[in-house]
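Protein chains in written order, with numbering that gives the first Met the number 0: chain A, 0 to 548; chain B, 0 to 215; chain C, 0 to 119.
Each hint should be verified, as a subset may be incorrect.
Between beta-carbon pairs, the in silico distance windows are [to be verified]:
| id | chain 1 | residue 1 | chain 2 | residue 2 | range |
| --- | --- | --- | --- | --- | --- |
| 1 | B | Leu12 | A | Thr130 | 47 to 53 angstroms |
| 2 | B | Lys134 | A | Val383 | 57 to 63 angstroms |
| 3 | A | Gly321 | B | Ala109 | 53 to 59 angstroms |
| 4 | C | Leu24 | B | His182 | 51 to 57 angstroms |
| 5 | B | Tyr187 | C | Asp43 | 50 to 56 angstroms |
| 6 | A | Asn75 | B | Ala143 | 38 to 44 angstroms |
| 7 | B | Pro8 | A | Asn21 | 25 to 31 angstroms |
| 8 | A | Val332 | C | Glu72 | 35 to 41 angstroms |
| 9 | C | Met70 | B | Tyr187 | 18 to 24 angstroms |
| 10 | B | Ser184 | A | Gly196 | 34 to 40 angstroms |
| 11 | A | Cys360 | B | Arg177 | 52 to 58 angstroms |
Treat the hints as calculated values from the structure; they're not laboratory data. Keep in mind it's a predicted model, so treat the numbers as computed, not measured. All C-beta atoms, glycine included, are put in the ideal place defined by N, C-alpha and C.
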Amino acid sequence: MSQPSQLHENKPPVYPAVNYLNADRGVWSWLTTIDHKRIGVMYLISVMIAFLLGGIFAMALRVELLTPGPTIMGANTYNRMFTLHGVVMIFLFMIPAIPGVFGNFCLPLMLGAKDVAFPKLNLLSLYLYWTGATLVLAGMVMGGTDTGWTFYTPYSTTTPTTLFPVLLGIFILGFSSIVTGLNFIVTIHTLRAPGMGWMRMQLFVWAIYATSIIQVLATPVIGLTVLLVGIEKVGGFGLFDATRGGDPVLFEHMFWFYSHPAVYIMVLPAMGVVSEAIAAFSRKNIFGYKMIAYSSLGIAFVGFFAWGHHLFVSGQSPFNDGAFAVISMLVGVFTAIKVFNWVATLYRGAIAVKTPLIYICGFLFFIVFGGMTGIAVATVSLDVHWHDTYFVIAHFHFIMVGAVIMAFLIAVHYWFPKMFGRMYHEGWGMVAASLIVLGFNATFIPQFLLGNAGMPRRYYMYPERFQALNVASTAGASLLAFGFVIILIYLIYALVRGEVAGDNPWDSRGYEWMTTSPPPKHNFDETPIITKDPHSYQEPGEEVEHVVI
Amino acid sequence: MSSSDTHVPNPHLAHHYETIEKQDYAVRLGMWLFLGTEVLLFAGLFLGYTVYRHFYHEAFHEASRHLDLWAGATNTVVLITSSLSVALAYDAIKRGKTKRCAALLIFTIACALAFLVIKGIEYSHKFQEGALPGKWYHYAEVTAPGANLYYTVYFLTTGLHAFHVIVGMSILIWLLSRVLRGHFSESYYVPVELGGLYWHLVDLVWIFLFPLLYLI
Amino acid sequence: MAHETSDSPAAKDEHHPHGVGRYWLVWALLLVFTATTVITGRMDLGGANIFIALLIATIKATLVVLFFMHMTEAPGANRLVFVVSLVFSIVLMIGVFGDLWTRNPMSLPSGAPTTEAPER
């Protein structure tokens with residue numbers, strides 16, 4: 000599909016009068032929609048609410064940790080707070096966010112398709128999400144559980160706190176995840192536009208494909224595991240109870256068999272977003288397309304063999320420790336391949352210094368730093384000291400917040416004009432982005448130092464000598480929170496009063512930009528015929544065009 | 000196939016698929032993916048079995064001798080036969096033989112019921128004997144350490160399997176109702192195929208459960 | 000029973016690549032294997048019992064998957080999906096057993112008292 004650069008046309012941007020947002024009217028039309036775009040928008044609203052909630056829990060934790068002793072809450076409340084922070088952030092935000100919002104919205108558009116393979120199942124996945132999320136929140140209202148989001152037995156099977164709604168919620172959220180993944184895999188296999196072979200798919204599509212494979216394969220195991228915990232709690236079946244002959248470490252094996260690949264469910268779509276954005280904001284053909292595509296599959300595959308690194312100090316045999324340590328480090332190779340290719344794409348590109356680019360820079364730094372600390376904690380002898388300290392917390396927040404949430408923000412800003420036809424205020428975007436990158440560093444770098452100095456995680460009180468770093472971390476968290484609030488404000492403003500963006504304000508070569516912004520209900524007026532490679536800005540031998548977008 | 004009748008749209012073709020062949024392909028792939036998730040679900044329980052067998056092989060060996068072999072073997076034959084009948088039902092509707100398909104589906108559903116009844120009888124015996132999971136165990140006949148976990152694994156695996164039998168049976172009843180109402184024919188039968196696939200999975204799980212629980 | 004189209008179980012055409020005969024054959028084989036496994040299961044063959052039982056179960060499962068579930072005619076993607084799900088089930092077991100087989104015997108939750116002296 001040859002698309003002349005929009006920049007050379009002197010037409011003012013147009014907002015299509017009829018598009019997917021207003022094609023059918025009324026709340027009922029939204030609640031019964033099978034339009035993947037509307038489902039994506041509803042996911043967006045839902046996950047942002049979840050993120051807000053998880054963020055409030057995080058701020059509560061950080062405020063509590065301002066002083067070595069009790070600050071604003073009791074110990075039991077603190078335990079419930081970090082449990083719910085984890086559960087809400089992971090199951091209600093991180094896992095569903097990028098696939099649910101941008102996978103749903105963009106995937107069919109990127110494939111030149113009219114919808115996902117099973118549109119009604121898509122709606123079902125949204126309803127399953129809402130049901131699961133409501134149950135988890137109900138559990139929170141009923142007092143919440145204090146087991147940590149990892150539900151280790153035997154505490155989780157004997158705790159007097161409200162466990163069932165949370166477990167049931169997670170079980171149902173698992174189904175939502177499976178249904179989404181299944182839908183996307185079939186969509187990618189069967190609904191590509193004519194001319195789009197596998198090697199002509201955009202990199203976000205490859206990322207979603209790899210993610211969906213993990214969702215389908217790994218999620219059933221966590222479903223079973225939380226079901227067994229629930230049964231154990233009620234029935235005393237002894238499966239994970241040492242006093243009845245059971246093995247608590249078996250729980251950990253089963254739990255982490257999902258929960259480690261789960262982090263790749265979170266990070267792979269993020270990497271896909273970054274691939275899209277880097278190509279667009281350096282206006283250059285992506286460097287190493289095949290390697291980025293294959294490395295996504297590589298991460299998905301090898302990621303399944305690494306779960307034992309969560310069991311280094313749980314009584315797992317040293318042999319297994321070593322084996323899992325080596326495999327865990329291998330996953331870093333694939334990430335390194337991607338980082339290399341991303342940087343090579345940026346190199347000598349026509350860099351557009353826009354809000355998404357700030358996040359891209361943040362992302363690159365955080366994923367390298369977070370990834371390297373991942374290799375560090377994968378070293379058994381070191382992890383023996385770092386396990387269950389703030390070092391681990393800092394490591395995974397570098398990836399989950401530093402990489403994944405940066406990428407989520409890239410996705411929001413990059414595709415906001417596509418989804419809503421309007422542009423946000425660039426100045427405020429830059430301000431918020433700077434606050435967030437700065438705030439993030441201020442929040443989590445002290446936590447590396449704290450963990451290394453020995454401060455344990457999930458501890459309500461700590462020795463005096465750790466206070467300075469804790470205060471620094473909380474200050475950083477406040478900056479972060481402030482940044483997010485600013486984003487929320489200007490995005491809502493942009494929804495109603497933003498400038499009209501036009502079909503393709505970034506002059507991106509993604510196929511989702513080859514239709515109007517917002518798109519019509521049926522996506523494309525004519526089924527596109529794909530003739531070029533994806534992310535194609537220059538013909539072979541052509542120079543990079545340095546223009547301002 | 001009605002590929003020559005391109006101007007008569009297939010009523011079963013969804014708007015976003017080019018051809019009915021593509022749609023059928025998609026639907027089958029979706030079903031196999033779903034079956035893949037079921038395999039992983041049961042894998043966790045099979046893991047539980049193998050782990051506790053590893054710890055308590057004596058208790059597992061002894062306890063399996065106390066299961067009702069004939070009940071288990073009969074159930075195996077029942078499920079295998081029901082797999083045959085559902086495969087024949089699919090073949091029948093592919094040839095447009097609605098009545099034969101319905102009869103075979105009824106037979107399959109009857110087999111599913113028989114399975115559940117036999118299982119129910121087995122369970123009731125266990126409740127009477129005290130051969131119960133975890134902390135409820137008080138079966139005097141098997142005293143090797145870990146026997147209670149044998150029954151934990153037994154009830155969990157057969158329980159989850161029985162749940163799938165019920166789900167499968169419900170799917171078959173729904174399909175039967177559609178067959179009787181004439182929804183399917185030699186040109187549209189994919190849902191019967193998919194329901195059959197689900198039923199075969201239920202059979203597959205039992206094919207492994209039976210020897211692991213009853214025989215070794 | 001209505002005789003609508005060709006009724007022969009061996010009727011073949013492009014939409015019915017094989018007759019129903021093969022289903023009956025598979026069923027018969029499955030019954031034979033079931034009988035075999037019941038008989039060998041109750042014999043005492045030592046360590047071979049488990050192996051034989053699993054082997055027969057695998058053969059039966061393969062028959063069901065290939066013929067009843069039409070895996071022989073299925074597109075490659077469907078086959079890949081099924082095989083991959085089996086592979087990862089095995090990965091789960093291998094990962095856990097790597098741990099169990101190499102643990103210090105005293106840290107296994109077996110109820111039987113250990114008669115081995117602790118290491119060191």
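Status of the hints after comparison with the structure:
no. : hint                                     : in the structure
1   : Leu12/B to Thr130/A: 47 to 53 angstroms  : violated, 31 angstroms
2   : Lys134/B to Val383/A: 57 to 63 angstroms : violated, 35 angstroms
3   : Gly321/A to Ala109/B: 53 to 59 angstroms : holds, 55 angstroms
4   : Leu24/C to His182/B: 51 to 57 angstroms  : violated, 31 angstroms
5   : Tyr187/B to Asp43/C: 50 to 56 angstroms  : holds, 54 angstroms
6   : Asn75/A to Ala143/B: 38 to 44 angstroms  : holds, 42 angstroms
7   : Pro8/B to Asn21/A: 25 to 31 angstroms    : holds, 28 angstroms
8   : Val332/A to Glu72/C: 35 to 41 angstroms  : holds, 39 angstroms
9   : Met70/C to Tyr187/B: 18 to 24 angstroms  : holds, 23 angstroms
10  : Ser184/B to Gly196/A: 34 to 40 angstroms : holds, 36 angstroms
11  : Cys360/A to Arg177/B: 52 to 58 angstroms : holds, 57 angstroms
Hint compliance for this structure: hints 1, 2, 4 are not met, and every other hint is.
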